[in-house]
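K.L.:
Heads up: the protein sequence lines correspond to chains Z and Y, in order. In terms of my numbering, the first sequence opens at residue 1 and continues consecutively. In terms of my numbering, the second sequence opens at residue 1001 and continues consecutively.
Read the hints as simulated data drawn from the structure, not as lab findings. Hints are not guaranteed to be accurate.
As a list, the in silico DSS-like pairs of lysine-lysine whose alpha-carbon atoms are at most 25 Å apart [as the list claims (entries may be wrong)]: (1) Z:Lys175 / Z:Lys232; (2) Z:Lys148 / Z:Lys174; (3) Z:Lys148 / Z:Lys262; (4) Z:Lys160 / Z:Lys262; (5) Z:Lys277 / Y:Lys1128; (6) Z:Lys175 / Y:Lys1128; (7) Z:Lys262 / Y:Lys1128; (8) Z:Lys232 / Z:Lys171; (9) Z:Lys147 / Z:Lys300.
Computed from a prediction, not measured in an experiment: that's the story for all the values here.
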Amino acid sequence: MRARTFTGAAVAAATLLFAGTALAEPVTISFLTHWPPETVAKLEAAAEKYKEANPDVSVAVRAVPFGDLLTTLRSQGGGAGGATIAGIYDLWLPELVRDGLVAPVPDTMASGVREAWPAGVVAAASVGGTLYGFPNEIDVYALNYNKKLFEEAGIAAPPKTWDAFLDAAAKLTKKDGDTTTQQGFGMINSWAAGVVHPFASLLASNGGELIADGKPALDSEPATQTFELYEKLIKEGYSNPHMATADANTTGPFLDNFVSGKTGMIIMANWWESALKAGMGDNFSDIATAPIPVGPSGDKPRSISYSWMTIVNANASDAEKAAAFGFLDWLNGLESGPDGASAMGDILVSMGILPSRTSDVAAFGDRLATPFLAGYVDVLADARPFPVVLGGQEFTEALQMQLEAIQFGQASAADAQSSAQADAVEILERAAR
Amino acid sequence: MRRYLPIVGLLGPSGALILVFIMVPIALTLWLSVHQWSTQTGFDTASFVGLRNFEDLFGPTSVGRDFRRAFVNTAVYSGLSIAIILPLSVLFGLLVYQTRVRGGEVLRTILFSTYMVPSIAVALVWSKLYSPTEGPFNQMLGWIGIGPQSWLSSPDTALQSLVYLNVWQQVGYFTVLIVAGLTQIPEVVYDAAKVDGANPWQTFWRITLPLLKRALLFSAVICLINAVQVFEPVVLITQGGPVGSTNVLTFHIRRVGIERAQGGLGSAMAVMLLLTLVVTVVALFALARRTNDE
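Bound conformation, chain Z alone (with noise of 0.2 Å):
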């Protein structure tokens, strides 16, 4: 009944905030995802069940491929013509308001979301203290491994430390000849989150971060060790990189490799399911999930997160920006979805997402109890959000290029960590510039 009256009283003051424009002509608004076929249906079924209630407003969803979705955002965004909704990942936001592309959420609205999102969740999709858009999904990275693979290996339990992790991979790696057959860890090369990520988390349950109070930590110890085991990875042979490869639909060699079952570890986010699950069919039961092995330098296991958010468009019409608002606040409602739930958690927890909203967590306690994501949701608590800073895609990017020279043999650890710091004290100085 709260919820009920919230997104009411929220809609009509969203109204009210444009002034001068009126709902009353139909209007229609537009919204950009990367998110597969199948779940931009749901999303349409869901615009058209907010239609039903709400007859002048219509919603057209548009999906492009992960590796295009920044580009069209930047290169439509920017004029009246582009999505008047789009979903973006969090560490995009800041280079998006510098630029005035993100409408803030209006101030009836955002208190509802200050109170039923976590605060680190509100503070990722927030610059400067404004709140820019509805927070959706949260991703945290573990250790996926294959069952039917460790047992064969004879491996009892998935590794507890990087030690225990080294070892692992060594039982699961076979090689005919030069040729490997099955490799015991499998990164990824080719797409900037996919290579970072994964070392993020590792140098996260290995005490480290990879910013710490806005400047780059790469230089310390923890990352010494984490880009040390790196190199052990590939020297080894443990990993191969040419199974490593990735394209812009963020699928590819890497993926077919593990659901093919040649791969026995990665380290993955939750969001992975959906994908696992389209490849592997029945066997999707091998796989599991485990908390990030601890390095040396560690406490506990601990990972990433990051997480994603909807924006509206600064440059949309008024009328555009209160439909486009009244429709993000009822999908992320409590009204939408199914059983008190929010139609958008539903939306994400079809493709095995996490929602970010607190009683969807709840809600949907059921579906993310399964053993696949409750292995993600145990180890939420101890994830370290992703630094989110202006430069931070740059950042990333600079970075993924010196964990592939590690990959690929074209640098050692520690050239690619001394690289890696300075390239990013530079992008970041520039970047605040």
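Given the coordinates of chain Z, work out where chain Y should sit on it, guided by the hints.
P.N.:
Relative to the frame of chain Z, chain Y by itself:
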């Protein structure tokens, strides 16, 4: 004054189009290349930085390293594409030009058809053909006892693999250009050579190839421009990786100028690309003119 009116009337429309759609954007890019500017904001927010963007391109930071890598990758991609496509197109051109050989027309159609397939479809299909484990290429190599190749999965072979894709797609188009060039060679020249006792090998090197020079020069320029503009396979398959080995200038400029919204830096890169292309094409024409004079 009146005598200039027809000239203005005839050249005006096309001149205006060239001015608006080519000269103004080039001038704007030149202007932006000496400014710091976010592509998401108005031009009024651009701040003058002199030659700092160009200094960054040649400096030791990741900006300079990535740009130079993309520049070299583009040069290698373009050079390899030209080096493979032109000889192949001459070979195929000679084959399909043999009107007495049955099937020449069919071969010409098949060769040209690859050029008509959308690049997106080509990229997606080839990414599967190159798949290291399940890819048909490696499976076929396995039948003849050759081990799996890394293709797009290794920085040593990824760029070459994209070149092969480009060759497959473009060679038919250049074959047609060469056939057009062959039709311009008078039959009487071949008759004279035959009378002089020239064998086919000598005829090819002494008559066909020299008289194909114009067609080859045109093909080389078009092939270079096409190669420098490579984009779809990179964005769809490799995203510039692994380790930046397929990061070509068009993709890199898009990443810097649009994804990162660093419009000034992106414009400086575009200016460098334009200058290089102009110098290369002028050099090609100068070389051709010199050999003509000789």
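K.L.:
Each hint: holds or not?
P.N.:
Hint-by-hint comparison with the structure:
{"no.": "1", "hint": "Z:Lys175 / Z:Lys232", "result": "holds, 17 Å"}
{"no.": "2", "hint": "Z:Lys148 / Z:Lys174", "result": "holds, 15 Å"}
{"no.": "3", "hint": "Z:Lys148 / Z:Lys262", "result": "holds, 11 Å"}
{"no.": "4", "hint": "Z:Lys160 / Z:Lys262", "result": "holds, 22 Å"}
{"no.": "5", "hint": "Z:Lys277 / Y:Lys1128", "result": "holds, 20 Å"}
{"no.": "6", "hint": "Z:Lys175 / Y:Lys1128", "result": "holds, 24 Å"}
{"no.": "7", "hint": "Z:Lys262 / Y:Lys1128", "result": "holds, 18 Å"}
{"no.": "8", "hint": "Z:Lys232 / Z:Lys171", "result": "holds, 15 Å"}
{"no.": "9", "hint": "Z:Lys147 / Z:Lys300", "result": "holds, 23 Å"}
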